[in-house]
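Q: Chains as they are written, first to last, in our numbering: chain A, 280 to 625; chain B, 280 to 625; chain C, 280 to 625; chain D, 280 to 625.
It is worth saying that the hints were derived from the structure and are not from the lab. Some hints here could point you the wrong way.
The calculated lysine to aspartate or glutamate pairs, modelled on EDC-like cross-linking and capped at a C-alpha distance of 20 Å, are [to be verified]: (1) A/K319 to D/D556; (2) A/K484 to C/D323; (3) C/K319 to B/E557; (4) C/K361 to C/E335; (5) B/K580 to A/D333; (6) A/K484 to B/D323; (7) B/K484 to A/D556; (8) D/K533 to D/D579; (9) C/K449 to D/D556; (10) D/K547 to A/D556; (11) D/K484 to B/D556; (12) D/K319 to A/D333; (13) C/K484 to D/E338; (14) D/K484 to C/D556.
Read off the chains here:
4 protein chains.
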Amino acid sequence: MINVGIIGATGYVGIEIVRLLQNHPEINISTVVSQNFVGKKISDVYPNLRNVFDMECEELDIDKISDKADIFVTALPHGVSKEVIPKLVKKNKRIVDHSGDFRYKRVEVYEQWYNTKHGMPELLEISVYGLPELHREAIKSAQIVGNPGCYPTCSILGIAPLISNKLIDKNNIIIDAASGVSGAGRSSDLSYSFCECTENYKAYKVATHRHTSEIEQELSLLAGEDIFVSFTPHLAPMKRGMLSTIYANLTCEKSASELIELYREYYKNDCFVRILDEGILPETKHVAGSNYIDIGIVVDKRLNRVIVLSAIDNLGKGAAGQAVQVLNIMCGLPEHTGLLTPGLYL
Amino acid sequence: MINVGIIGATGYVGIEIVRLLQNHPEINISTVVSQNFVGKKISDVYPNLRNVFDMECEELDIDKISDKADIFVTALPHGVSKEVIPKLVKKNKRIVDHSGDFRYKRVEVYEQWYNTKHGMPELLEISVYGLPELHREAIKSAQIVGNPGCYPTCSILGIAPLISNKLIDKNNIIIDAASGVSGAGRSSDLSYSFCECTENYKAYKVATHRHTSEIEQELSLLAGEDIFVSFTPHLAPMKRGMLSTIYANLTCEKSASELIELYREYYKNDCFVRILDEGILPETKHVAGSNYIDIGIVVDKRLNRVIVLSAIDNLGKGAAGQAVQVLNIMCGLPEHTGLLTPGLYL
Amino acid sequence: MINVGIIGATGYVGIEIVRLLQNHPEINISTVVSQNFVGKKISDVYPNLRNVFDMECEELDIDKISDKADIFVTALPHGVSKEVIPKLVKKNKRIVDHSGDFRYKRVEVYEQWYNTKHGMPELLEISVYGLPELHREAIKSAQIVGNPGCYPTCSILGIAPLISNKLIDKNNIIIDAASGVSGAGRSSDLSYSFCECTENYKAYKVATHRHTSEIEQELSLLAGEDIFVSFTPHLAPMKRGMLSTIYANLTCEKSASELIELYREYYKNDCFVRILDEGILPETKHVAGSNYIDIGIVVDKRLNRVIVLSAIDNLGKGAAGQAVQVLNIMCGLPEHTGLLTPGLYL
Amino acid sequence: MINVGIIGATGYVGIEIVRLLQNHPEINISTVVSQNFVGKKISDVYPNLRNVFDMECEELDIDKISDKADIFVTALPHGVSKEVIPKLVKKNKRIVDHSGDFRYKRVEVYEQWYNTKHGMPELLEISVYGLPELHREAIKSAQIVGNPGCYPTCSILGIAPLISNKLIDKNNIIIDAASGVSGAGRSSDLSYSFCECTENYKAYKVATHRHTSEIEQELSLLAGEDIFVSFTPHLAPMKRGMLSTIYANLTCEKSASELIELYREYYKNDCFVRILDEGILPETKHVAGSNYIDIGIVVDKRLNRVIVLSAIDNLGKGAAGQAVQVLNIMCGLPEHTGLLTPGLYL
């Protein structure tokens, strides 16, 4: 058994990682850290876990916890990471981090979009962008993995085959996406209260959302040239689920079925990517609760434009599921270990 | 008092028109027709109306009902209209129709997108597309008004000022929209059941939705040249509300505040169009239950692209509210009569 | 026009009163007070009211505002009332208050259930419990009206005719009720966040909810002897709406239709009470958005037990609608003025 | 591996059994039958199962399918069972049935509450009521198990220890319960459509719901005398989850903590029953997606009345989870095999 510690275990991403790992056949949760609930059982905070996982939350004291695990998952509020990660690195721990801090190749891009100094730029060199479908090899031996954002995971995987195969005009890529409310985390902010969210749909951070830069970095890497995209996130009145609707102008004539073939070839080694048959579109409920990404492809022949629809669970493939997938890769385990559970549908 | 008859009064659009008109100071509902509920009180079908509006549903017998009103609102299943409208026309009745039949200038466009023969092409000449903000004058004296679709209302009003002022590239207009489930009508189709819809978000009819042609017709009229758009509808897990997110490339440099000014000028005589201050974005719950359309404008300077967000209530400004607005215009009443109620917010 | 000031206008009850009164033909909102939003427009906080009601929020300064109105509605957090009400009384203002402070005849009952000293016990003598169906006469001339709680309104009206007619055993009255989340007010408490509330149903404050004492007071008054009840509130995943399911053992044999007759007689002068036909049960969506209470009656002959179901909108008849009804009575207006709007259904 | 066939696999209960069993280490799904989807893959109907469980649906032809399994789970519309079960019995198959047909000891009770002739009364003798916590021994060797209804499971387990220990007055037992919409099955009935269910809460079948008789049968067996209860089901706007709020008058003085002890003792061998600590109440989201039942106990000392709150997932412990639990018992497997997954919480 591999011992893993979870720092920030009682946030929505943290607890989803706990839920997945408590059932993992090869990974053992050896410590859970939550500053707000020190001394309380995890299952007192999330009573669905009563009798299932009752470990007590520990304080965030690196000296005390670092011996307990070889790999740490950090799911911390922005700003706290830089107090924690360097110490773990110094103790030779491997880390899967959920902040934006280790998702960038170039510190300037981070600092521009996050509008803050990067607290530990020297660590970028030993960090890897944790999208297994694109960076599996690098993840295997990485000391730090920056787990991708939910929108970037959904969007990059939706469009990567088109970029890699140079099938689209790089100048008019539009990504319109919607997320469930859990994407905002365990938040007591009024704007995420039930009465404010239910029966409501809205866009937010239009043209300014940080995930834009993550998407552009990865697409540019694939293209070998700078790619800029319009990215618009929306909030939908549901807990889990994310859908990206991606528009791009084809630079050649391709039918939907040809593109579907090409996508299937591109992802042939990726067990969590399901390319749908022609005429079938993804729905968030088909992936909610799972680590799958469903991708559907439509070609609008009138306009020679492709519309790609990709759906994930923002807490699954968009966060906790992907973290477990990354952990499996880091540990040399089969990538799907502990992750093949389908969503509930209902 | 002007007498109005409502044919198809127990569908979701029909009943919303009933709800609005029963409180209208100048219009009297003189008959309600519903084939499924002949002899039953409206308030037995929609018990929110108990003691408020208890009129009995009549059978669809034109001879019987035609004397009862001078104007008829028809909200009928596709296909039934062509049995009804010509008879009403022959009896010199004026009509506000909710099918797609009277929304088109060119019968070929209708027949192509609806994939059916048009049942009464000769009536297109005496019909007007019922979007007051664009066709107010023609509506005043029209015999038949084709009440616009919900998506076209939301999208056309969102982008019209940009097209009219020739500020955008006509070739890369993307309209991504989401609707509440009531847009599908009073449907017992499994796919609109609670368990299938809640906690789900999906696109549908991608690149093939009929409303595309309505949007293109009106934008082309405004532009004086053919305009084609990508239009993608989505279903969001809520009852009411619609948001269009519209992307277009600016052909000149304009700031958001300049565009906001321009929109305010464009809609200065339109009391239901609310152009939001810079930095404010529309939300469906701000318009749900009302006849308002809220429009927010963002300029992405990096890409010189404008993103317009427009929100309506699909049953309000997108259907029943607009029908009442149209009735007011047809009857020479102040356009806002009976329509200034704000939404409930909660 | 009668000038009314609303103190605490940006809470969920306050804003619902604003929404109702801005459309009231005889009452004018002359000032809105909100400590959190001084200087901001009401419609910046609740954008559904843009262009409809844009009054600026004032500070809570009794000297400044008291001249502006003859009647004040207070919808304040618990504890603040006692700073405000006595000053208004001294200035001879009439008050409709939404705290628990003026709902009790006996200060000991208040102090026991609220577990606090009553701040202004001397004012109880000039206050009236604002349930129009039971205390209409007293409300007419009251200086202070304690607007009833939502659960008591729904429950007392559901069972009053049985108590008054001495048809039930007073010892086994069970009231099981469910409320929408807006009952908790405009709260940023985590437990009312979307992700915690949606897809969840739970009881809370079992056997200890304060509203129990309000219900018992009024039923005891009607019975002429002490009545104790079991009252269990539940939280249902919806915004608005409340349903009480009330169980009592009949002390004689009565059929449902006999009881329905008796209820109709009892409430014959009460325009907001709708007694449903036999076999018809109330649903919260039939009253949501309105000031109606729907009551359905079932007799279980096997057990000679009556089950009464009563539904209101917790923000309507359960709070803001009732406040407007009370204002109408206090001002000598027809009781239904500005209140006959049905709910939206959808 | 034990081969199990599922007849009626594409209903909501059927598919939940498929979801649970496809991951079961000792049971193999050897055939899935669905009349509506013969020849289609299960995962075409429920796309969450794509790549996870793609078996094709077979026709309901007993001769064809009976060789494929030793145990059959039947989850069929009412009325179909009697065509199927006797044939399976004749072929010596064991059966876990989800209709009401095998839940009764006395055929008259069934016929009275279901208002129909029982189609196979002779089979009642070889059938067992499948509530493991009460009938574990009999289930082990039963040929037919009638899987209990969801409301009875939740209610009987909630009150059984009080009845068995003769702590309550048998004459005033009130069970007030609410269920998520999936309890109605995969239904295209208008009343279960999204727009009709969301933002609505209502009681239904008051004093006449069939599950009343199931509850009374089992409580009477425990009591050794006839027990009658009031049972009122409600529909709450959520997919999954069920809460029973049970009221009974104590015949002696007991504190909540004493009753909690007694419940824990009563269920000490039942791994799916979680008795909550004093002051903690169950919530449906804590059990949704799992096979647990959470039970909380409150004593109202004022009235010497106990209020028990019990929560299950109507599709889990209330249907499919319990079916798997029963299968485990029938097959001599540890009762929790394949069932220890906690719910998702989010």
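Q: Against each hint, give a clear statement of whether it holds in the structure.
A: Hints and how they fare:
1. A/K319 to D/D556: 14 Å, holds
2. A/K484 to C/D323: Holds. A/K484 to C/D323 sits at ~19 Å (cutoff 20 Å).
3. C/K319 to B/E557: The given pair, whose Cα atoms are some 17 Å apart, holds under the 20 Å limit.
4. C/K361 to C/E335: Cα-Cα ~25 Å, so violated.
5. B/K580 to A/D333: 51 Å, violated
6. A/K484 to B/D323: The given pair, whose Cα atoms are some 45 Å apart, is violated under the 20 Å limit.
7. B/K484 to A/D556: Distance of about 15 Å is within 20 Å: holds.
8. D/K533 to D/D579: Distance ~10 Å between D/K533 and D/D579 Cα, so the pair holds.
9. C/K449 to D/D556: 32 Å, violated
10. D/K547 to A/D556: 50 Å, violated
11. D/K484 to B/D556: 52 Å, violated
12. D/K319 to A/D333: 42 Å, violated
13. C/K484 to D/E338: Cα-Cα ~51 Å, so violated.
14. D/K484 to C/D556: 15 Å, holds
Hints 4, 5, 6, 9, 10, 11, 12 and 13 from the list above are not met by this structure, while the remaining hints are.
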